[in-house]
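Turn these sequences into a full structure, and let the hints steer you where they fit.
Protein chains: 2
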Amino acid sequence: MKAVVFHGAFDIRVEDRPEPQIRDPTDAIVKVQTAGLCGSELHMYRGHQTTKTGHIMGHEFVGIVTAVGPDVRTHKVGDKVVSVFAAVCQKCWFCQHGLGQRCENSLAFGTQQLDGGQAEYVRAPFADGTLHHAPAHLDDNLLVMMCDIFPTGYYGMIRALEFVGARFVPQTLDEAVFVCLGCGPVGICALMTAVTKGVKKIYAVDAVDERLAEAEALGAIPLKLGRDDIQKTVLEATEGRGADGVIEVVGNKAALRSAFDLTRQCGVLSSIGFHQGEVPFLASECYAKNITVNFGRAPISTLFTEALECLEQNRERAASFVSHELPLSEAAKGFDIFEKYQARKVVFKV
Amino acid sequence: MKAVVFHGAFDIRVEDRPEPQIRDPTDAIVKVQTAGLCGSELHMYRGHQTTKTGHIMGHEFVGIVTAVGPDVRTHKVGDKVVSVFAAVCQKCWFCQHGLGQRCENSLAFGTQQLDGGQAEYVRAPFADGTLHHAPAHLDDNLLVMMCDIFPTGYYGMIRALEFVGARFVPQTLDEAVFVCLGCGPVGICALMTAVTKGVKKIYAVDAVDERLAEAEALGAIPLKLGRDDIQKTVLEATEGRGADGVIEVVGNKAALRSAFDLTRQCGVLSSIGFHQGEVPFLASECYAKNITVNFGRAPISTLFTEALECLEQNRERAASFVSHELPLSEAAKGFDIFEKYQARKVVFKV
Numbered sequence: 002m003k004a005v006v007f008h009g010a011f012d013i014r015v016e017d018r019p020e021p022q023i024r025d026p027t028d029a030i031v032k033v034q035t036a037g038l039c040g041s042e043l044h045m046y047r048g049h050q051t052t053k054t055g056h057i058m059g060h061e062f063v064g065i066v067t068a069v070g071p072d073v074r075t076h077k078v079g080d081k082v083v084s085v086f087a088a089v090c091q092k093c094w095f096c097q098h099g100l101g102q103r104c105e106n107s108l109a110f111g112t113q114q115l116d117g118g119q120a121e122y123v124r125a126p127f128a129d130g131t132l133h134h135a136p137a138h139l140d141d142n143l144l145v146m147m148c149d150i151f152p153t154g155y156y157g158m159i160r161a162l163e164f165v166g167a168r169f170v171p172q173t174l175d176e177a178v179f180v181c182l183g184c185g186p187v188g189i190c191a192l193m194t195a196v197t198k199g200v201k202k203i204y205a206v207d208a209v210d211e212r213l214a215e216a217e218a219l220g221a222i223p224l225k226l227g228r229d230d231i232q233k234t235v236l237e238a239t240e241g242r243g244a245d246g247v248i249e250v251v252g253n254k255a256a257l258r259s260a261f262d263l264t265r266q267c268g269v270l271s272s273i274g275f276h277q278g279e280v281p282f283l284a285s286e287c288y289a290k291n292i293t294v295n296f297g298r299a300p301i302s303t304l305f306t307e308a309l310e311c312l313e314q315n316r317e318r319a320a321s322f323v324s325h326e327l328p329l330s331e332a333a334k335g336f337d338i339f340e341k342y343q344a345r346k347v348v349f350k351v
Numbered sequence: 002m003k004a005v006v007f008h009g010a011f012d013i014r015v016e017d018r019p020e021p022q023i024r025d026p027t028d029a030i031v032k033v034q035t036a037g038l039c040g041s042e043l044h045m046y047r048g049h050q051t052t053k054t055g056h057i058m059g060h061e062f063v064g065i066v067t068a069v070g071p072d073v074r075t076h077k078v079g080d081k082v083v084s085v086f087a088a089v090c091q092k093c094w095f096c097q098h099g100l101g102q103r104c105e106n107s108l109a110f111g112t113q114q115l116d117g118g119q120a121e122y123v124r125a126p127f128a129d130g131t132l133h134h135a136p137a138h139l140d141d142n143l144l145v146m147m148c149d150i151f152p153t154g155y156y157g158m159i160r161a162l163e164f165v166g167a168r169f170v171p172q173t174l175d176e177a178v179f180v181c182l183g184c185g186p187v188g189i190c191a192l193m194t195a196v197t198k199g200v201k202k203i204y205a206v207d208a209v210d211e212r213l214a215e216a217e218a219l220g221a222i223p224l225k226l227g228r229d230d231i232q233k234t235v236l237e238a239t240e241g242r243g244a245d246g247v248i249e250v251v252g253n254k255a256a257l258r259s260a261f262d263l264t265r266q267c268g269v270l271s272s273i274g275f276h277q278g279e280v281p282f283l284a285s286e287c288y289a290k291n292i293t294v295n296f297g298r299a300p301i302s303t304l305f306t307e308a309l310e311c312l313e314q315n316r317e318r319a320a321s322f323v324s325h326e327l328p329l330s331e332a333a334k335g336f337d338i339f340e341k342y343q344a345r346k347v348v349f350k351v
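Protein chains in written order, with this note's numbering: chain A, 2 to 351; chain B, 2 to 351.
There are no misleading hints in this set.
Straight line, CA to CA, 27 Å or less: simulated BS3-like cross-link-like pairs of lysine-lysine: (1) B:Lys225 - B:Lys198; (2) A:Lys92 - B:Lys202; (3) B:Lys32 - B:Lys3; (4) A:Lys92 - B:Lys233; (5) A:Lys254 - B:Lys254; (6) B:Lys202 - B:Lys254; (7) A:Lys32 - A:Lys3; (8) A:Lys81 - A:Lys32; (9) A:Lys92 - A:Lys81; (10) B:Lys3 - B:Lys77; (11) A:Lys202 - B:Lys92; (12) B:Lys254 - B:Lys225; (13) A:Lys202 - A:Lys254; (14) A:Lys350 - A:Lys81; (15) B:Lys32 - B:Lys350; (16) B:Lys233 - B:Lys202; (17) A:Lys201 - A:Lys233; (18) B:Lys201 - A:Lys92; (19) B:Lys225 - B:Lys201; (20) A:Lys201 - B:Lys92; (21) A:Lys233 - B:Lys92.
No lab work stands behind these hints, which were simulated from the structure alone.
Right, dumping it as structure tokens:
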């Protein structure tokens with residue numbers, strides 16, 4: 002079969018590989034129809050995340066089940082499925098408690114652990130937990146958003162929304178003010194969630210004009226890094242307090258610090274960015290701010306149904322989310338234009 | 002009148018001062034009957050918290066209203082009242098949203114801002130919000146715990162308890178494991194709350210044997226710093242995961258780091274310690290742990306009724322909480338023995 006193989010920084014090649022086979026009784030094999038290219042793959046592509054080479058890329062894929070192991074219960078040959086970005090065992094303590102993002106037996110697609118979905122076929126371990134039924138009425142380009150980016154943006158946003166409605170930050174979404182730092186694909190998904198859930202005022206911060214235009218089209222108020230005085234604008238909109246909830250989707254130190262500064266006392270900072278460095282604020286500042294901070298990634302399987310429902314409500318707006326459809330053979334080009342911010346979302350049609 | 006005046010580090014004197022008068026229409030004057038000595042006053046007493054001198058100490062007091070300004074609605078002369086450690090205006094955005102710990106017009110008793118309650122009389126600004134009615138059937142030594150330490154410990158604990166019961170950490174209190182770092186007065190109040198609310202397994206960490214004995218008597222499992230392997234014990238009790246919720250009541254870097262290490266992935270760290278330095282963990286560690294961290298102090302007025310209800314359920318256990326009753330004239334001795342850990346809780350009878 003054809004597969005997109007990682008050969009090192011900026012070196013992506015389409016090669017022939019053997020078709021995967023059922024290995025464990027909980028495996029399924031999926032014939033891929035649409036595979037996404039996710040922003041988090043750029044860490045590897047750019048050489049920032051060091052890894053051995055030779056694995057098949059991709060952790061977003063939609064396709065048809067062609068084989069199942071004897072212990073697979075919820076999927077059968079011929080089913081259309083959507084995968085989660087990492088296989089989840091459904092048996093460990095974390096999976097049993099709905100916290101699959103920290104599954105003890107998790108295997109991430111598109112890494113040395115597990116070949117990914119940018120291929121004609123892919124082996125999905127723990128298929129009952131890893132694969133979800135794909136509603137027939139939804140387009141592949143919408144479904145591929147469900148593998149990672151939509152539930153991730155959804156989670157980052159509702160963590161903030163639900164906190165703001167809770168007893169220690171008792172506000173209605175009508176009166177609350179939010180900020181989303183970062184308007185890449187995940188940020189846009191967070192904004193879709195906010196607007197769908199009834200948020201009336203949310204600022205969207207980014208440096209890229211196209212992303213800000215998209216955020217504005219969703220109903221957010223765009224603020225451009227380097228042009229607008231973000232701190233001043235948010236403080237003025239909140240009688241000097243700061244935002245009730247801030248979602249940080251960027252994953253660097255400056256963004257996390259900015260998120261902290263934009264959050265009001267007793268507010269919430271929901272950070273879903275992938276961070277590698279220090280915490281850029283002091284414990285004394287945290288005490289004085291009485292802040293609550295959430296870190297880390299989303300339990301995709303747990304949130305799948307409710308996030309899908311939210312995405313369906315954004316069906317029209319999301320219809321044009323994929324900007325580039327390419328055949329698998331043009332994978333190298335796909336990575337190149339995505340890395341250069343010349344494409345919002347690239348999918349490979351297999 | 003007699004009053005306990007701060008003259009600098011380790012220099013506390015009882016002096017004659019003029020009786021306070023109504024100054025603003027929302028003021029009340031309280032004839033103090035019992036005034037507590039709180040651990041947080043030691044920051045000033047030991048010279049760690051630099052301040053000018055000359056003010057009257059004390060932010061815990063119970064007494065009888067002797068005068069009210071024309072705008073005081075909920076208290077009248079003759080009422081028995083309990084004060085909150087800082088006056089809260091009830092009018093600013095934070096007060097209106099139940100977040101009095103960040104009242105924009107707050108005045109802390111026992112500081113240069115506002116003379117405190119270790120005196121025969123004290124002026125209470127914003128009396129309607131600052132003073133609470135004292136139930137007649139409760140002893141002064143119990144009521145004085147309501148000014149600060151009990152609601153503070155209560156808040157630190159329920160922030161963790163309620164999170165553990167919420168959708169992103171879905172557990173029952175029956176199965177959850179908690180750790181309380183620090184078993185001074187506030188820590189003991191947090192432990193009382195935990196046990197009253199149905200927590201079955203909570204580890205209590207401290208370096209002082211008497212505190213650990215007290216924690217054990219409440220039903221907690223004592224772990225002594227420097228003797229027990231705290232990390233190992235907690236990991237073994239949780240199949241290697243760590244505690245579901247950790248409450249940190251100490252307020253130093255080592256305790257905050259230890260609290261982080263003891264918290265499991267997707268768990269909660271509720272820090273009510275007063276912190277002055279850095280955050281002793283990396284953003285990358287936070288991401289990997291998917292942790293939620295709460296910082297800061299309690300909204301005492303908001304929680305007063307429910308915290309009092311919880312304290313009443315601990316009435317017998319709390320009856321012996323005050324270890325030393327002294328007349329106001331022996332205030333210097335009170336500070337001295339409290340600072341040397343020779344007293345668990347000192348109150349002055351006026």
